[in-house]
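Asks: Construct the entire structure; sequences and hints are all you get.
Protein chains: 4
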Amino acid sequence: MAGHTHHGYIENKDKVMARLRRIEGQVRGIQRMAEEEQYCIDILTQISATTKALQSVAIGLLDDHLSHCVADAVREGGDLADEKLTEASDAIARLVRS
Amino acid sequence: MAGHTHHGYIENKDKVMARLRRIEGQVRGIQRMAEEEQYCIDILTQISATTKALQSVAIGLLDDHLSHCVADAVREGGDLADEKLTEASDAIARLVRS
Amino acid sequence: MAGHTHHGYIENKDKVMARLRRIEGQVRGIQRMAEEEQYCIDILTQISATTKALQSVAIGLLDDHLSHCVADAVREGGDLADEKLTEASDAIARLVRS
Amino acid sequence: MAGHTHHGYIENKDKVMARLRRIEGQVRGIQRMAEEEQYCIDILTQISATTKALQSVAIGLLDDHLSHCVADAVREGGDLADEKLTEASDAIARLVRS
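Taken in sequence, the protein lines are chains A, B, C and D. Just so we're aligned: 46 in UniProt numbering is position 46 of the first sequence, and the numbers increase by one with no gaps anywhere. Just so we're aligned: 93 in UniProt numbering is position 93 of the second sequence, and the numbers increase by one with no gaps anywhere. Just so we're aligned: 68 in UniProt numbering is position 68 of the third sequence, and the numbers increase by one with no gaps anywhere. Just so we're aligned: 10 in UniProt numbering is position 10 of the fourth sequence, and the numbers increase by one with no gaps anywhere.
It is worth saying that the hints were derived from the structure and are not from the lab. None of the values given here were measured: they were computed from a predicted structure. You may find that some hints are simply not true.
Stretch by stretch, here's where chain C covers chain A in the computed footprint (C-beta under 8 Å, at least three residues) [as the list claims (entries may be wrong)]:
#1 17-23
#2 60-66
#3 69-76
Under the rule of at most 27 Å between Cα atoms (straight-line distance), these lysine-lysine pairs were calculated in the DSS-like manner [stated by the list, open to error]:
#4 D:Lys52 to B:Lys52
#5 C:Lys13 to B:Lys52
#6 A:Lys52 to B:Lys13
#7 B:Lys15 to A:Lys52
#8 D:Lys15 to A:Lys52
#9 B:Lys13 to A:Lys15
#10 D:Lys15 to D:Lys52
#11 B:Lys52 to B:Lys15
#12 C:Lys52 to C:Lys13
#13 D:Lys52 to C:Lys15
#14 B:Lys52 to B:Lys13
#15 D:Lys15 to C:Lys15
#16 B:Lys52 to A:Lys13
#17 D:Lys52 to C:Lys52
#18 C:Lys15 to C:Lys52
#19 A:Lys52 to A:Lys13
#20 B:Lys52 to A:Lys52
#21 C:Lys52 to D:Lys15
#22 C:Lys13 to D:Lys15
#23 D:Lys52 to D:Lys13
#24 A:Lys52 to A:Lys15
#25 A:Lys52 to C:Lys52
FRET-style restraints, in silico, Cβ to Cβ [stated by the list, open to error]:
#26 C:Asp72 to A:Arg21: 16 to 26 Å
#27 D:Arg22 to A:Arg32: 36 to 46 Å
#28 B:Lys52 to C:Asp79: 31 to 41 Å
#29 D:Asp14 to A:Glu11: 32 to 42 Å
Where is the CB? At the ideal position from N, CA and C, for every residue including glycine.
Replies: Shown next as structure tokens:
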């Protein structure tokens, strides 16, 4: 349910892409550690770090989304505003619970 | 601090590797979504799913670690047992807080 | 930094208060279990349930906050809107990381 | 499924009880804030702090449980050891996912 062309994160797209590539590198690093049968605790440490990196990307995307897509819809008013607010709250709930 | 050659997860290594490759694919999928400037909420949904997948791998590794590395050290007794128990608790704390 | 009298959750105040009282009851239940030296795993199960209950209250409050305090500020525009959006994002980050 | 009289946390019982009473106080503080219709963000900040406090109690209990109940069962060996290890892993999974 987009209904909105200009997404907030696009202004920070390069930064988002760079962080996602780093996370891909972290996941490949974890694969290599498991392939080389490295120590479980060291692999777990890397998984915790990767989870935190993903969380940071999500928090940044959410911040951009609130201040662009949701704020624009609120200014527009009507059903679109309610939809965007509900949608944002559901995304926050998924993040908090993941 | 390994001091232990046979790690628990090695018996499930193929499964662990397959899950990590799937997670790599999820991260690349998120990159593609951002590259194509897809809707923020849809990207956030994929990030939540990827975080959960990482958590599942971590929980599996921890289960294997407890029932192999930690249990072996406990049977051996002495300082090694205490080290492994403390190390496992610290890894659990990092996971709970990530 | 309130600067806003009518908070979103006030329309659901009774529900919020009832849930918080239930959480207080859960915490007292955990105290009783520990006082009676009940089994660790059973206490841990109750702590996980109480954490989830707290999360649900937080997600509800955030939903109300976005659709009232933040939306009102966005409609008003100017610095207040930016402050409220940043403040909400910081609160979301704390929740995601707790 | 106790099957074990001396639980690890009992040696730190006073500390556990004190922390749980503090958490009860935090929850009552949140109730008061909502009763007085204080600002949503301030209430959310207190909920995040309370969630973290609960997590710390859980991590402490788990640490004690691993180094007492689980370690004793592992030394004893047989089915009891497997049961305790599985039970501990399930409790860790609930905590990580809460």
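Asks: Compare the structure with each hint and give your call.
Replies: Results for each hint:
1. 17-23: It is violated: at least three residues are needed, and the region 17-23 of chain A offers just 0 whose Cβ sits closer than 8 Å to chain C.
2. 60-66: holds (count 3)
3. 69-76: holds (count 4)
4. D:Lys52 to B:Lys52: Measuring from Cα to Cα gives roughly 20 Å; hence the hint holds.
5. C:Lys13 to B:Lys52: It is violated: about 33 Å lies between the C-alpha atoms, which goes past 27 Å.
6. A:Lys52 to B:Lys13: Answer holds: Lys52 (chain A) to Lys13 (chain B) is near 24 Å, not above 27 Å.
7. B:Lys15 to A:Lys52: Between Lys15 (chain B) and Lys52 (chain A) the Cα gap is close to 24 Å, so the pair holds against 27 Å.
8. D:Lys15 to A:Lys52: Outside the cut-off at roughly 30 Å; violated.
9. B:Lys13 to A:Lys15: violated (34 Å)
10. D:Lys15 to D:Lys52: holds (16 Å)
11. B:Lys52 to B:Lys15: Within the cut-off at roughly 16 Å; holds.
12. C:Lys52 to C:Lys13: Given that 27 Å is the threshold and the Cα spacing comes to 19 Å, the pair holds.
13. D:Lys52 to C:Lys15: Judged against 27 Å, a Cα distance of about 24 Å means the pair holds.
14. B:Lys52 to B:Lys13: holds (20 Å)
15. D:Lys15 to C:Lys15: Roughly 33 Å between the alpha carbons, so the hint for Lys15 (chain D) and Lys15 (chain C) is violated.
16. B:Lys52 to A:Lys13: holds (24 Å)
17. D:Lys52 to C:Lys52: Roughly 12 Å separates the two Cα atoms, so the pair holds.
18. C:Lys15 to C:Lys52: Given that 27 Å is the threshold and the Cα spacing comes to 16 Å, the pair holds.
19. A:Lys52 to A:Lys13: holds (19 Å)
20. B:Lys52 to A:Lys52: The hint holds at about 12 Å.
21. C:Lys52 to D:Lys15: holds (24 Å)
22. C:Lys13 to D:Lys15: This hinted pair is violated, its Cα atoms lying about 34 Å apart.
23. D:Lys52 to D:Lys13: Between Lys52 (chain D) and Lys13 (chain D) the Cα gap is close to 19 Å, so the pair holds against 27 Å.
24. A:Lys52 to A:Lys15: holds (16 Å)
25. A:Lys52 to C:Lys52: holds (20 Å)
26. C:Asp72 to A:Arg21: 16 to 26 Å: violated (39 Å)
27. D:Arg22 to A:Arg32: 36 to 46 Å: About 44 Å separates the Cβ atoms of Arg22 (chain D) and Arg32 (chain A), which means 36 to 46 Å holds.
28. B:Lys52 to C:Asp79: 31 to 41 Å: Given a distance of about 38 Å, which is inside 31 to 41 Å, the answer is holds.
29. D:Asp14 to A:Glu11: 32 to 42 Å: About 54 Å separates the Cβ atoms of Asp14 (chain D) and Glu11 (chain A), which means 32 to 42 Å is violated.
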